[in-house]
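K.L.:
Residue numbers (our numbering), protein chains in the order written: chain A, 1 to 632; chain B, 1 to 116; chain C, 1 to 196; chain D, 1 to 285.
Hint data in this document are derived by calculation from the structure and do not stem from the laboratory. Everything numeric in this text was worked out from a predicted model, so none of it was measured. Not one of these hints is a red herring.
Derived pair list, reagent style SDA-like, types lysine to any residue, alpha-carbon separation capped at 25 Å: (1) D:Lys45 - D:Ile227; (2) D:Lys86 - A:Gln289; (3) A:Lys541 - D:Ser80; (4) A:Lys541 - D:Phe76; (5) A:Lys541 - D:Glu83; (6) D:Lys79 - A:Glu425; (7) D:Lys45 - A:Val325; (8) D:Lys86 - A:Pro552; (9) D:Lys86 - A:Trp538; (10) D:Lys246 - D:Val261; (11) A:Lys541 - D:Lys79; (12) A:Lys429 - D:Glu83; (13) D:Lys79 - A:Gly426; (14) D:Lys79 - A:Phe537; (15) D:Lys79 - A:Asp508; (16) D:Lys79 - A:Trp538; (17) D:Lys45 - D:Thr126; (18) D:Lys79 - A:Asp545; (19) A:Lys429 - A:Thr419; (20) D:Lys86 - A:Arg199; (21) D:Lys246 - D:Gln137; (22) A:Lys429 - A:Val47; (23) A:Lys429 - D:Gly70; (24) A:Lys429 - D:Tyr71; (25) D:Lys79 - A:Trp433; (26) A:Lys541 - A:Arg199; (27) A:Lys429 - D:Phe76; (28) D:Lys246 - A:Pro66; (29) D:Lys86 - A:Ala543; (30) D:Lys79 - A:Pro552; (31) A:Lys429 - D:Gly67; (32) D:Lys45 - A:Met375.
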Amino acid sequence: MVEAMRKLRADAESYQGWWSWLTTVDHKRIGVMYGVTAFSFFLLGGVEALLIRLQLSTSNGQVLDPDAYNRLFTMHGTTMIFLVVMPLSAAFFNLLIPLLIGARDVAFPRLNAFSFWVFLAGGLFMNASFFTGGIFQGKLGAPDAGWFGYAPLSLVSTGQGIDFWAFGLLILGIASMAAGFNFIVTIFNMRAPGMTLLRMPVFVWMTLVTSFLIIFAMPIITVALFELLFDRLYGANFFNMAAGGKPLLWQHMFWLFGHPEVYILILPAMGIVSEVLPTFSRKPLFGYQFVIFSGLAIAFMSWGVWAHHMYTTGLGTIANSAFAVSTMLIAVPTGIKIFSWIATLWGGSINLKTPLYFSVGFISMFVIGGLTGVMHTVVPSDYQQQDTYFVVAHFHQVLFGGAMFGLFAGIYYWFPKFTGRLLHEGWGKLHFWLMFIGFNLTFQPMMILGLLGMPRRIYSYGSGTGWDFLNMLATAGAFLIGLSILVFMINVVVSLRRKERAGADPWDGRTLEWSLPSPVPPYNFAEIPTVRARDDFWHQKYAEDEEGRPVPIVAGGAYQAEEEEGEEEAETGHGIHMPSPSFWPLIAAIGLPIMAAGFIYQESANLLPMIAIGAVITIVGIYGWALEPASE
Amino acid sequence: MTLAESRGIKRPPEHEADARQAGGRAHPGPLEYTRIGLILAVITAVEVGAFYMDIAQWALVSILVVLSAVKFSLVVMWFMHLRFDSRLFSGLLVGGLMLAAALFVVVLSTLGGGLT
Amino acid sequence: MSHAPAALETTATGIDNRKLLMWLFLASETLLFGSLIAAYLLYRGQSVVGPYPEELFDIPFTSVSAFVLLMSSVTMVLALAAIQRGDQRGLRIWLFTTALLGMLFISGQAFEFTEFNREGLSLSSNLFGTTFFVLTGFHGAHVTVGVLVLLSLLVMALRGRLTRSQSMNVELVGLYWHFVDVVWIAIFTLVYLIQP
Amino acid sequence: MGVQRTHLRLAVTALLVAILVLLVGCGTVDDPQNTFAPEGDVARKQRDLLLVWVLGPAAVILVLVFGVLGYSLIRFRRKSDNELPKQVHGNNRLEIAWTIAPAILLLIIAVPTIDAVIDLGRGPATDALHVRVTGRQWQWEFEYLDPEYEAAEANLECVAPQLRAPEDGAGQPLCVVGELHIPVDREVGIELESIDVIHSFWVPKLAGKLDNIPGTTNRMFFNATKIGSYSGQCAEFCGLGHADMKMIIVAESEEDFQEWVTDQLEGGGAARSRTGEPDLVSRGE
Ligand code: HEA
Ligand code: HEA
Ligand code: CUA
Ligand SMILES: [Cu+2]
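With the rest of the complex left out, here is chain A (with noise of 0.2 Å):
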């Protein structure tokens, strides 16, 4: 045993290089990659609404023209929910799923690689658009219609921008979809003996939420958009009025997934602070159970609300009745949630950690953002807040100030579990304010801007209008936001730079991944933990008086006792089996967009040979994958 596991140290050790990452199918590794890929997109997201804000700054802006302040912001929205937030959050998942349940790695670790690689495909794709127009006679050539894309709009855009808008984003819902039945299958199947559904920490359950989210909200915007894509490539019907088409049907399908994907944004983040908190206050979760019910009642009841972004297309009296009530009930989860985690703080030993701060961040950030949202369910309000700055405060409040933050905390909490130093503490909170500050400073102000009737994605305003003033605030608080991120990138710099070692467990953890040595070893665990409790690690380290007072327990305590002879009987079992690297995920992710660019360009350019050759290399990936003797 002993001796198998210093050859497989040894075997990751010798395996290293550019080659290895290309090929690596270990969770962790892809971990890794989906966050720095991320996180290079929110660099790019970033600068695109720095750019967006200094058009904005002042009335009558001349920094963008009309044409590409469209395609930015549609770009920029398109790459903050689909190529940070989810993918980040696809990070954690990655990092953490098998670690938190005890296996040593997910259910399919190549179909694994595979999502990372067509999502960097897909991310890559979508921004490759930007070069389609004619760059270098300085026109951008992204797509112009809008996040959502509404139809017709989307279907009268010229150049090519929609075709690979809605390509990539086909391409990056086949690597949602199969991380989702991916995670899935691994919180089902692969838990460690004794890690029951109860027992599992809460941010295993708010992933297996957002994956049961994505798997039946994605397959409905795919049809949406090939929709969308006969109708622009091949002259059909969907969207087109003049044959009897509803664009409202656009609508319909888009929020039908819409929504659904606002969750899917949000709950992983959720997860992360009910982590959080839990381990720096030295309490557990309050109410576990009814944290966890809560994210199934809002996954459940977030199916029933899309009808609230189309208050304004006329729908009639009783759909918007209904659909205002049943947005204003999913208020009461979100709200379970909140108040468990003050209630979690409460009586707790807290401690004033970065990702503590950045929890707390969230909580407040988050509760703002909610209430927002709230009042936009009140109908006849909405007619006046719909599509204006109001809007889109409230959506950043809940996606910058909620998902981001809770990102952010994730970050801190588990930085030194993957690289074995931990987070600069100065740095980490001088990133904090300056984030927190300039957060606000830029959404606080386009509240306000909204009510005083700004509408939104509009490239210029005039100067009679009284928006100048709280625009230039807005933007001034941008530039604050983005030092905060060179702050952060600083911090990570200066701290993969430290001698210092974090230790296995440097917050006093509660669950199994602070049991592992820090970096984690490829295997993740030489034995295969028996599971006896929710947050397992605490109650090796803790046992409780008749009070509810936890009472370290010294080495060699019962529990320790216990825990051998529970090796014993995992030592009857296999050894330990890795799965081995493989190049044909990569392979088959390669053709995708090969094969979207054929389909776009089939007319103009003759590429009918570039969908064959995109569909023979996926295929080709395909069968080498499944006829690779591979132990998976």
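Start from chain A and add chains B, C and D with the ligands according to the hints.
P.N.:
Okay, now just chains B, C and D with the ligands, sitting in the frame of chain A:
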């Protein structure tokens, strides 16, 4: 939740390589499959027959919907083994179907069109 | 379909990983086909110009097609029963028959499409053409993928690489195949038999 | 620890700044599209609904949540490294309480919401002025549908009427572009259409928006309770010219309105059509 119940500290005993699944019964044999196939064929014949009969539209529609639902259930219950396999699978399929049905009934009724 | 020995590691639920994966995939496919069918129903009878479905549908022909696909489900499940018994000859025969029936179905569809096309129906001619071709086309694409996978299985079986212990491979393909079949049961009724 | 104190003070300052900004923002003089300064009954109703029923409760919830959150952060800070708090796992009664209380609050908010939805969903009053508003990339076209506003000549700047098959025997409704005149204190019934992509008709001080969707007709109504001119603009992204797709609604006395109409009918409508950017300064003041 059945899953939680089926989940103890001990792993379930290793199962044989045949198709027996946890909580599931053995699959039926060729004879039974063929019988179901015959029933399916007969129902299809009845459907097409009904199509050519001179009956009221509502009656035709209800007959066709019921018959195809029966066909659907026969295939998923026997050929896809939902009768014998883990209840989780039935839950997934039925959940997906109900979700799709619920969502699109609402969409179609707000958008109007051929259904109304 | 990897060559992983069937019961190398037992899972926490006792359910096979790949079988769960397949069912999750099928569950999400219900929303894919649900969306496509909904678009068809939404635009049923809304075309502003012809050709209309009443003029084109050839019910006896399509009924035969539907019957062919239905029977391919029977042969598919017989292939599974064969491999589970260790009956290699049966496995090969039934896999072959299933693939053949699948190809027959696709040929039927190809014939139907060209026929409709000749009579003036195209993706762009009217709402009926748009929704009909996209819905049945997506289904046809699924059948095609299924046939390719069946043929791959058949090759494996002929080379003796599909042993009894790998019956899960056949079971998974079967699940997919039957699902594609039940989707056609719905389409046959909703699109062809029920007309406004 | 003093550092933590400073952080908290910083946070409080940031919050105060935010509130200050809010107050400054709402009090600016130039506010041609301020939804909180309505000049019509519909817009007033929409603002009051928000102010009374949502903003108040939301503010209370916000203060409560922030208060308890801030309090626990200060009160329960870790004082020593081996401090181990009592392990509380939850409290069902508490959980149920904070499930039910928000639900009740929301159902209460739902009542005036639905009431207002129904109210705004009614048809226009019997004496209303009927106007069809057509959106097109990128201008607004207003047609006066009541029979007394029939023009002898068509206004060639108006594209929508030309696309529509002319009705037998009927003349052209008076059509103007970019600037709609209405009599003050009289309800205006609006029909919204589009001839290309989706647009959204929005005059913040008079009424919330409703979309112009190709292939459908949406209906709304509003009035102006004060003489003046009100600026509005397209609120659904519609392409390159979206930001410039503006309009002016001029509310004037019945006499002025009639005079304007007579002018228009004689001048063929084109005379006073919008030229360039609309003038955002109120006329009536
Ligand atoms: C992470 C993403 C996220 C999240 C979590 C939410 C959460 C919510 N959203 Fe938001 N929303 C978006 C992302 C998100 N939204 C995006 C991207 C858009 C715009 C898309 C576009 O147009 O581009 C949008 C737009 C949007 C609209 C359409 C606006 C318009 O276009 O006119 C509406 C309308 O109802 C709405 C409502 C809500 C509600 C009620 C919630 C609720 O879930 C919030 C619930 C939370 C709370 C209420 C706070 C905590 C609760 C308590 C403290 C309990 C007590 C509270 C009460 C009793 C009220 N959202
Ligand atoms: C998770 C989602 C997310 C996030 C994080 C953000 C982040 C930001 N967003 Fe975005 N936004 C959306 C999602 C998001 N947005 C969506 C969905 C839309 C709707 C689009 C549509 O209408 O279609 C939108 C629209 C939108 C608009 C409205 C445009 C319009 O309607 O006309 C504005 C305007 O100010 C804006 C601003 C910002 C700003 C200033 C940030 C900032 O917080 C960004 C901060 C980040 C940085 C500043 C990056 C840091 C970079 C550096 C430090 C440079 C270093 C570079 C190198 C080393 C190369 N966003
Ligand atoms: Cu018209 Cu925006
Ligand atoms: Cu929503």
